[in-house]
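Student: All chains, full assembly: derive it from the sequences and hints.
So the protein sequences, as listed, match chains A and B. Mapping of the first sequence onto our numbering: position 178 corresponds to residue 178, and the numbering continues sequentially without gaps. Mapping of the second sequence onto our numbering: position 17 corresponds to residue 17, and the numbering continues sequentially without gaps.
In short, the hints are calculated from the structure, not lab data. Each hint should be verified, as a subset may be incorrect.
[What the hints assert, rightly or not] Simulated coverage check for chain B against chain A, where a stretch passes if three residues somewhere in it have a Cβ under 8 Å from a Cβ of chain A: (1) 95-101; (2) 116-122.
[Said to hold, decoys possible] Taking beta-carbon pairs under 7 Å as the criterion, some of the chain A residues facing chain B (in silico): (3) Ala45; (4) Leu99; (5) His135.
[Stated by the list, open to error] With a cut-off of at most 27 Å between alpha-carbon atoms, the simulated BS3-like pairs for lysine-lysine come out as follows: (6) A:Lys50 <-> B:Lys50; (7) B:Lys50 <-> B:Lys29; (8) B:Lys62 <-> B:Lys29; (9) A:Lys29 <-> A:Lys50; (10) B:Lys62 <-> B:Lys50; (11) A:Lys62 <-> A:Lys50; (12) B:Lys198 <-> A:Lys50; (13) B:Lys50 <-> A:Lys29; (14) A:Lys198 <-> A:Lys304; (15) B:Lys198 <-> A:Lys62; (16) A:Lys50 <-> B:Lys62; (17) B:Lys198 <-> B:Lys304; (18) A:Lys29 <-> A:Lys62.
Cβ atoms here follow ideal geometry from the backbone N, Cα and C, with glycine treated the same way.
2 protein chains.
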Amino acid sequence: MHARPLIFASCLFGMVAHGGSAQWEEPPKSPEIHADGTATFRLNAPNATKVTLSASFVEDGKAPMERDEDGVWALTVGPLEPDIYGYTLDVDGLSVLDLANHDGRLGRWPESQFLVRADPPRAYEQADAPQGAVHLRRYASESLGVVRRMHVYTPPGYTPDTTYPVVYLLHGYGDTDSGWTTLGRAHIIADNLIAAGKIDPMVIVMPHGHAAPADLTVENWRGVRGGFETDLMADILPFVSANYSVATDVDNTAIVGLSMGGGQSLGVGLTRLDTFGWIGGYSSAVPDEDLEETFADVLSRPGKPRLLWVGCGTDDFLYERNTAFLAWLSENDVPHTAHITDGGHTWSVWRDYLEEFLPLLFRD
Amino acid sequence: MHARPLIFASCLFGMVAHGGSAQWEEPPKSPEIHADGTATFRLNAPNATKVTLSASFVEDGKAPMERDEDGVWALTVGPLEPDIYGYTLDVDGLSVLDLANHDGRLGRWPESQFLVRADPPRAYEQADAPQGAVHLRRYASESLGVVRRMHVYTPPGYTPDTTYPVVYLLHGYGDTDSGWTTLGRAHIIADNLIAAGKIDPMVIVMPHGHAAPADLTVENWRGVRGGFETDLMADILPFVSANYSVATDVDNTAIVGLSMGGGQSLGVGLTRLDTFGWIGGYSSAVPDEDLEETFADVLSRPGKPRLLWVGCGTDDFLYERNTAFLAWLSENDVPHTAHITDGGHTWSVWRDYLEEFLPLLFRD
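Tutor: Here you go:
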C-alpha cells in the first residue's frame with residue numbers, strides 16, 4: 001500500500017473558485033426530518049412577500065411559512081405518519097421546487113419529496129434484501145415511429161437460465177416510465193417481497209404510457225390510448241420476450257396500472273384475455289362507456305382472467321367511477337376482487353396496493 | 001379485434017376535476033427552440049419584479065427577461081450552437097428551475113436543460129443505433145456500511161457468453177451516479193460509437209463518487225476520497241465482476257472521470273497500475289501535491305499504463321492545474337496524451353472527450 005496523502009483537498013477550493021452556480025452556497029437544510037416525525041421546511045427568499053408550503057399533509061393543502069430577520073422562511077409540521085411525501089413551495093404565487101432537497105421529480109406534476117421512516121421499515125423502504133436491477137431500455141417503436149424508453153425490473157439472481165413470470169406495470173397521467181421506480185419504489189417493494197418469501201422472482205416491465213406529445217389535448221386523447229395499446233402489443237411485448245427470459249403464456253403474464261394506467265391495464269387486459277391472465281387497476285380511470293360491447297369477451301368466458309383486482313380509496317376523486325365499474329362487474333357475475341381502502345389519489349395508496357397485489361399473482 | 005370506443009375520454013376530465021396540482025394548467029411553453037437555433041424562455045410570474053435567465057450561453061451569465069401585460073416574462077436568445085444547455089431562472093433573487101421544462105436535474109447544482117439539435121446528429125443525440133441498456137444497481141457496500149447505487153451500461157446484444165472490457169466512468173462533484181447517463185449521455189454515445197464501428201462493445205460502470213453525506217465539509221473531504229477508493233476496490237469491482245461478464249485483467253480495464261471524478265480516476269488509477277491499464281481524466285481536479293511519492297509506481301514502471309489521457313479546456317478553472325500536472329509528467333518522462341481544447345468546465349466538453357476517449361481504449 002502506498003501512503004495516501006491529502007492530494008485532493010484543493011479540489012474543493014477549486015470548485016468554490018469555479019463559482020458557476022448559486023447553489024454552491026449550501027441553502028438552509030430543507031426539509032429537516034426530526035426524530036419525532038415532525039418536519040421543518042426552509043427557504044432563503046429575502047425578497048419574497050409571501051411563501052406557502054403546498055402539500056397534502058397540511059390543512060387545506062396550503063400552510064404559510066414564516067420569515068425570520070435574515071429572510072429565511074420556515075415552517076414545522078407534523079408529526080407525520082411514516083410515508084413518502086411530496087410538496088412544492090409557493091413564492092408570491094409562483095410554484096417552485098425546494099432546491100435544498102435533492103429528492104423530487106420534474107415532469108407534468110413536479111414536486112419535491114421526502115421520506116418519514118417507519119419502524120419496522122415498510123416494504124418501500126430500502127432494507128437489506130438482496131437487490132434486483134432496474135434496466136433503462138430504449139427500443140424502436142415501429143408502431144409509433146420513435147425510439148422510446150421503458151424501465152425493466154429484474155429480480156436478484158436473474159439468469160437467462162430461468163423463465164420468469166412478467167408484470168406490465170403502468171404509470172399515471174402525471175408520470176413517465178420512471179414513475180414506478182422513483183415515487184412508486186416498485187423495485188424495492190419487489191426486492192423486499194421476494195426476500196420475505198411473499199412472491200417468487202418475477203420481471204416487472206414499466207413502459208411509457210403516453211403515446212402522444214407533451215402538448216396533449218382532449219382532441220388527441222383518443223390517439224393516446226390507441227397509440228399506447230398498439231405500442232404495448234406490437235412493440236413492447238415482443239421486445240421484452242426477445243430481451244428477457246420471460247414466459248409469454250397467459251398464466252404468467254399480468255397487467256396492472258394506476259389512474260390513467262389503471263384505465264389502460266383494465267381496458268387492454270380485459271379485451272386481451274388470451275394474453276393477460278392477471279389484471280388489476282389502482283385508482284383507475286376505469287372504462288365507463290359501452291361496457292357490454294367492449295368487454296363482451298369477459299362476459300362470455302368464465303374463468304378468465306385468473307385475477308381481476310380493482311383497488312380504490314374512498315377519498316379518491318375516481319372512487320364513484322370505480323364503484324360503478326365494480327357494480328357492473330357484480331351485476332354481470334364477473335368474478336373480481338374489490339379492494340376498497342382509506343386514502344385518496346396518492347402514491348401512498350399505490351405503493352400499498354402494489355405490495356398487496358404482487359403476492360396474489362401467478363398462484364395455482 | 002373488438003371495436004375500441006373512446007372509453008377513456010372522461011379520464012382527462014377526471015384529472016382536471018382532481019385539481020391536485022397547480023401544474024395542471026399548462027404553463028407557457030419554455031424553452032421553445034426555434035428552427036434557426038434561437039430559444040425563447042417564458043415564465044408566468046405576474047407578482048415578480050425582476051426575472052433573469054442564468055446560463056452560460058448569455059453574456060455575463062445573466063440576462064433580464066421582459067414582462068408582458070399578462071405577467072408572463074420572456075426572453076429569446078441565440079441562435080445557439082447545437083449542444084445540450086443548462087440554465088436556471090432567477091426570480092427576485094431566488095434561483096428556480098423552469099417547471100415548464102420537464103428535462104433537468106435536481107441535486108447540488110440543479111438546472112433545467114434543453115437540446116439544440118445538430119445536423120447531422122452528434123454522437124450524444126439519440127439516433128437509430130441499436131440500443132444498449134442502462135442498469136440501476138444497488139449493492140451493499142461493506143466498506144461504507146450502506147446500500148449504494150451504481151449505473152451500468154451494457155452494450156446492444158450483451159450476453160454472458162462474451163467477456164467484455166470494462167470502463168469505470170466517474171462523475172463530478174455536482175453529480176451522482178446518474179450524471180453520466182443524464183447530462184453525459186454516455187450510453188447514447190457508446191451506442192452510436194459501436195454502431196459506427198469506432199469501438200467494440202464494452203461495459204461502462206458509473207459508480208457514485210461521493211462516499212460522504214451531503215453536508216460535505218472541508219473537514220471530512222479526506223474521508224470522501226479514501227472512502228470512495230475503498231468502496232471502488234473492495235465493493236464495486238467485485239460486484240461488477242460477479243454480476244457482469246467482464247474481463248478483470250489490466251489490459252481490459254479502464255478508469256476515467258471528470259473534475260472530482262478525474263482526480264479520483266487519476267489518483268486511483270495511477271496508483272493501481274496492475275488493475276487499470278487505461279487511465280484518463282477530463283477537466284480533472286488533478287493531484288497537485290506529493291506527486292513523486294504518490295506516483296512512485298508510475299515513475300518506476302515504463303509501459304504502464306497503456307494510456308494516460310489528460311483532457312482540459314483552456315477556459316477551465318482547472319486549466320492551470322492540469323497543465324502543471326502535464327508538465328510534471330513530461331519532466332518525468334511519463335508517456336501521456338495531453339488533449340487541450342477550447343471550452344470550460346462543462347458537460348459540452350466532457351461529452352466530446354468521452355466520444356474521443358472511448359475509441360482509444362482496449363487497442364493492441
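Student: All the hints need checking, so say for each whether the structure fits it.
Tutor: Taking the hints in turn, this is what the structure says about them:
1. By the rule of at least three residues with a Cβ nearer than 8 Å to a Cβ of chain A, the coverage given for the region 95-101 of chain B holds, with 5 such residues.
2. With a threshold of 8 Å between beta carbons, the proposed coverage of the region 116-122 of chain B by chain A is violated, since 0 of its residues qualify and at least three are required.
3. A hinted interface residue such as Ala45 of chain A counts as satisfied when its beta carbon comes closer than 7 Å to some beta carbon of chain B; here the least separation is about 5 Å, so the hint holds.
4. For Leu99 of chain A, the interface hint holds, the least distance from its beta-carbon to any beta-carbon of chain B being 5 Å, beneath 7 Å.
5. Interface restraint check: His135 of chain A against chain B, minimum CB-CB distance 5 Å, threshold 7 Å, status holds.
6. Distance restraint check for Lys50 of chain A and Lys50 of chain B: the Cα-Cα separation of roughly 16 Å lies within the 27 Å cut-off, and the hinted pair is therefore satisfied.
7. Taken as a hint, the Lys50 of chain B and Lys29 of chain B pair is honoured in the structure, with Cα atoms around 20 Å apart against an allowance of 27 Å.
8. Between the alpha carbons of Lys62 of chain B and Lys29 of chain B the distance comes to roughly 20 Å, so the proposed pair stays at or under 27 Å and holds.
9. The suggested pairing of Lys29 of chain A with Lys50 of chain A holds, with an alpha-carbon distance near 20 Å, which does not exceed 27 Å.
10. Pair hint Lys62 of chain B plus Lys50 of chain B holds up; C-alpha atoms about 12 Å apart against a cutoff of 27 Å.
11. Proposed proximity of Lys62 of chain A and Lys50 of chain A is supported: the alpha carbons are some 12 Å apart, at most 27 Å.
12. The suggested pairing of Lys198 of chain B with Lys50 of chain A is violated, with an alpha-carbon distance near 56 Å, which exceeds 27 Å.
13. Distance hint between Lys50 of chain B and Lys29 of chain A is fulfilled; the C-alpha atoms sit about 26 Å from each other, no more than 27 Å.
14. With a C-alpha separation of about 24 Å, the suggested pair Lys198 of chain A and Lys304 of chain A falls inside the 27 Å cut-off, and the hint holds.
15. Our distance criterion of 27 Å between C-alpha atoms is broken by Lys198 of chain B and Lys62 of chain A, whose separation comes to about 55 Å.
16. Of the supplied pair hints, the one linking Lys50 of chain A and Lys62 of chain B holds, its CA atoms being roughly 25 Å apart against a limit of 27 Å.
17. Taken as a hint, the Lys198 of chain B and Lys304 of chain B pair is honoured in the structure, with Cα atoms around 24 Å apart against an allowance of 27 Å.
18. A distance of roughly 20 Å separates the Cα atoms of Lys29 of chain A and Lys62 of chain A; the hinted pair therefore holds under the 27 Å criterion.
In terms of the numbered hints stated before, the structure departs from hints 2, 12 and 15, listed from lowest to highest.
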